[in-house]
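Undergrad: Sequence:
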Amino acid sequence: MTKIPDWYFVSLINTEFISLYVDNFINNTSHFQINDARQLPIIIPDSYFFDVIKKIASESVLVKKALFSCAMDSNQAEEKLSYLQRELDSMVLNLYKI
1 MTKIPDWYFV SLINTEFISL YVDNFINNTS HFQINDARQL PIIIPDSYFF
51 DVIKKIASES VLVKKALFSC AMDSNQAEEK LSYLQRELDS MVLNLYKI
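With my numbering applied, the sequence shown corresponds to residues 1 to 98, in that order.
Derived by calculation from the structure, the hints in this document are not laboratory data.
Keep in mind it's a predicted model, so treat the numbers as computed, not measured.
We treat Cβ as the ideally placed atom computed from N, Cα and C, and that holds for glycine.
Hints are supplied without guarantee of correctness; some may be wrong.
Below are the DSSO-like pairs computed for lysine-lysine, each with C-alpha atoms no more than 30 Å apart in a straight line [what the hints assert, rightly or not]:
hint, residue 1, residue 2
1, K55, K65
2, K80, K64
3, K80, K97
4, K54, K3
5, K80, K65
Beta-carbon label-pair distances, calculated as ranges [claimed, not checked]:
hint, residue 1, residue 2, range
6, V10, S69, 19 to 25 Å
7, S90, W7, 15 to 21 Å
8, S69, L40, 22 to 28 Å
9, S74, F49, 17 to 23 Å
10, Q76, F50, 25 to 31 Å
11, N24, N75, 29 to 35 Å
12, D73, D6, 26 to 32 Å
13, N35, S69, 32 to 38 Å
14, S30, S74, 21 to 27 Å
15, D73, D46, 34 to 40 Å
16, D6, S47, 14 to 20 Å
17, A77, S47, 15 to 21 Å
All chains should be built: construct the whole structure from the sequences, respecting the hints.
TA: Next comes the structure, spelled out in structure tokens:
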């Protein structure tokens with residue numbers, strides 16, 4: 001794996017761990033900027049973590065598309081997205097060995 005896709009970085013940035021890390025060590029304002037991102041400790045995952053995070057990101061996009069196209073109601077979408085967020089947060093904590 002030579003180039004890490006954008007969705008991987010977006011997934012990491014949208015986790016509770018990275019949010020807390022940024023708030024406590026990089027920038028405690030409500031604005032996340034490019035220079036903040038440059039200071040993040042990014043772990044390049046093995047294929048297992050990469051595949052699981054990719055699946056979570058893909059499922060999240062599908063849920064949002066279903067919500068926007070009215071194929072899924074907002075309660076269903078919120079429930080599914082909350083579940084996916086918990087899964088992503090858990091995977092990232094495992095990735096960072098926390």
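Undergrad: Which numbered conditions among the earlier hints are violated in the structure presented, ordered from lowest to highest?
TA: 8, 9, 17
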